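Input sequences plus hints: build the corresponding full structure.
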Amino acid sequence: MKKIEASMAGTVFQILVSVGEEVKRGQAVAVLESMKMEIPVESDAEGTVKEIHVRAGDFVNEGDVLVTLESL
Amino acid sequence: MEKGTGRLEAYRERICRGGHPKYHEKLKENRKLFVRDRLKLLFDGGDYQEDGMFANCTKADLPADGVVTALGKISGRTVCVMANDSTVKAGSWGAKTVEKIIRIQETAMKLKVPMFYLVDSAGARITDQLEMFPNRRGAGKIFYNQVKMSGMVPQVCILFGPSAAGGAYIPAFCDIVIMVDKNASMYLGSPRMAEKVIGEKVSLEEMGGARMHCTVSGCGDYLAKDEEEAIEAAKRYLSYFPQNYREKPDKLPGKPEKKGADLEKLIPENQNLPFDMYELIDGIIDEGSFFEIKKLYAPEIITGLARIGGRAVGIVANQPKVKGGVLFVNSADKAARFIFLCDAFSIPLLFLADVPGFMIGTKVEREGIIRHGAKMIAAVSSATVPKISVIVRKAYGAGLYAMAGPAFEPDLCLALPTAQIAVMGPEAAVNAVYANKIQEIEDADERKAFIREKENEYREAIDIYRVASELIVDEIVPANGLRRVLAERLQFYESKNIAFSERKNPVYPV
Chain A
1 MKKIEASMAG TVFQILVSVG EEVKRGQAVA VLESMKMEIP VESDAEGTVK
51 EIHVRAGDFV NEGDVLVTLE SL
Chain B
1 MEKGTGRLEA YRERICRGGH PKYHEKLKEN RKLFVRDRLK LLFDGGDYQE
51 DGMFANCTKA DLPADGVVTA LGKISGRTVC VMANDSTVKA GSWGAKTVEK
101 IIRIQETAMK LKVPMFYLVD SAGARITDQL EMFPNRRGAG KIFYNQVKMS
151 GMVPQVCILF GPSAAGGAYI PAFCDIVIMV DKNASMYLGS PRMAEKVIGE
201 KVSLEEMGGA RMHCTVSGCG DYLAKDEEEA IEAAKRYLSY FPQNYREKPD
251 KLPGKPEKKG ADLEKLIPEN QNLPFDMYEL IDGIIDEGSF FEIKKLYAPE
301 IITGLARIGG RAVGIVANQP KVKGGVLFVN SADKAARFIF LCDAFSIPLL
351 FLADVPGFMI GTKVEREGII RHGAKMIAAV SSATVPKISV IVRKAYGAGL
401 YAMAGPAFEP DLCLALPTAQ IAVMGPEAAV NAVYANKIQE IEDADERKAF
451 IREKENEYRE AIDIYRVASE LIVDEIVPAN GLRRVLAERL QFYESKNIAF
501 SERKNPVYPV
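Sequence lines, in order, name chains A and B. Each residue of the first sequence is one higher than the one before, starting from 1 at the first, in full-length UniProt numbering. Each residue of the second sequence is one higher than the one before, starting from 1 at the first, in full-length UniProt numbering.
Hint data in this document are derived by calculation from the structure and do not stem from the laboratory. One or more hints might be untrue.
Stated by the list, open to error - Here are the in silico distance ranges between beta carbons for each label pair: (1) B:Phe500 x A:Glu5: 40 to 48 angstroms; (2) B:Glu269 x A:Glu5: 40 to 48 angstroms; (3) A:Glu42 x B:Pro478: 42 to 50 angstroms; (4) B:Lys255 x A:Glu42: 29 to 37 angstroms; (5) B:Ile126 x A:Ala56: 53 to 61 angstroms; (6) B:Glu205 x A:Glu5: 33 to 41 angstroms; (7) B:Phe492 x A:Glu70: 19 to 27 angstroms; (8) A:Lys50 x B:Glu205: 26 to 34 angstroms; (9) B:Ser469 x A:Ser71: 52 to 60 angstroms.
Remember, it's a predicted structure, so these values are computed and weren't measured experimentally. Just so you know, even glycine gets a beta-carbon here, dropped at the ideal spot from N, CA and C.
Written out as structure tokens, the structure reads:
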């Protein structure tokens, strides 16, 4: 199990993956909107999306879990 | 007793062997080199002149008292070195060890030459504590000297193994700390001590490993995969620096830039979209000349040494690809330290600004973002080396100040056509000025249209040609012409020689 966390505080702008989808290392799984910038959040591991914890528009703090991956 | 060279040779041979063979075996197991082999790799021709080889030579188990201190050449330049021998009492410091280190530091100060610390030591030899720890020429003097030497001569640390407890201050006081992955560690109290004293259970790697220090604590500047890479990196680092603060860095023959991305296509016009700042750096520096410092730490800002037309330059660049290029506590800290480093040794500074500002919110306020940001701004202000500020895209709020904006006496403030200088971006500004009015508009489409109209008005008000007409920037250049302009300007600014301020010492935020 691998947790992908928000790299900084901001609002969830887009979720780019869906449950069951395979994710590669370095692939963006979500985009945050913070300080008026679009901040891609990349996965640092391979895996299958097990759970998506947030929805577009949610406020997240740095370190909040966005997506959980199951190892391949 | 024999008086001839036979006895001398026997002594030398025994001392140069270092500690017991079982400790040499251990070195091999851990992919570590013997101290004298490290020195051979470091110095030109593997050659060096050693001081104090015979320290404690009447004690068979203390060859050189666990440290080699020497003078040698790196690319023809004189350098002083202290190097722990971890095969002798785990590289711990006895009374003679400490005296030898102090003496080689004194030599470096007298000669005004760089000082290298090749660290691999378990810390104080507790059995010797009265002789090595508290007195006037005890271990404290090593750190005292380091502080005195800071900014006088380059101080370079390569960390091959542990640097424990007080010993951890040697890397802390160096200009750069190169750490060997998996083997290097830095900690005040070992995991064993942490468990005993505070009840924490933790591994050495987690608590004070090289990777942790290069990514989280910021105590490490360069993570090397093995000892050979670490030694090469130290030599390469030195090539950008002069021997001491009175001299200037060497100018090498220039090399062309890396042929890659079209810089004008690289930078998106939409200020909110990320791009990779490394590609812009590649497009303006001599190919292969980038030596990055703290690559893995606070990557939303990039700091590194490079050459443009053969001239050494220190680059401070926002990275919009990471955290939007926003400045945080650690990014401000990283940049401030790098600016102090370049300014100390006459390395011109180049700022590449694409910054939405300093981070806001509860978390960073509690961390003291204001004083850390102020520290970076203090570093930028007080740097008297040639400073060139390039506004690549947005430079909002105090971000403009931190990136050597016009008030901070850059010798040149350049704008790319994509530059946008403002207190804040259009979205934030319209919201700040018209918040009440926006709320009053009930129809959603009407509200959107109003916002769009006001944002466009704002964009026109801060248009880069209006900014240039007010002489806020000195010149506007296309991205593809940036390298040539920088190379020429760096040459013009070479004779800059100014003092910043008259006083005993500043009281900057830290």
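Against the structure, the hints come out as follows:
1. B:Phe500 x A:Glu5: 40 to 48 angstroms: 42 angstroms, holds
2. B:Glu269 x A:Glu5: 40 to 48 angstroms: 31 angstroms, violated
3. A:Glu42 x B:Pro478: 42 to 50 angstroms: Violated, at about 31 angstroms.
4. B:Lys255 x A:Glu42: 29 to 37 angstroms: Between Lys255 (chain B) and Glu42 (chain A), where Cβ atoms are some 33 angstroms apart, the hint holds.
5. B:Ile126 x A:Ala56: 53 to 61 angstroms: Hint holds: Cβ distance 60 angstroms, inside 53 to 61 angstroms.
6. B:Glu205 x A:Glu5: 33 to 41 angstroms: 21 angstroms, violated
7. B:Phe492 x A:Glu70: 19 to 27 angstroms: 59 angstroms, violated
8. A:Lys50 x B:Glu205: 26 to 34 angstroms: Distance hint for Lys50 (chain A), Glu205 (chain B) holds at roughly 28 angstroms.
9. B:Ser469 x A:Ser71: 52 to 60 angstroms: With Cβ atoms ~58 angstroms apart, the hint holds.
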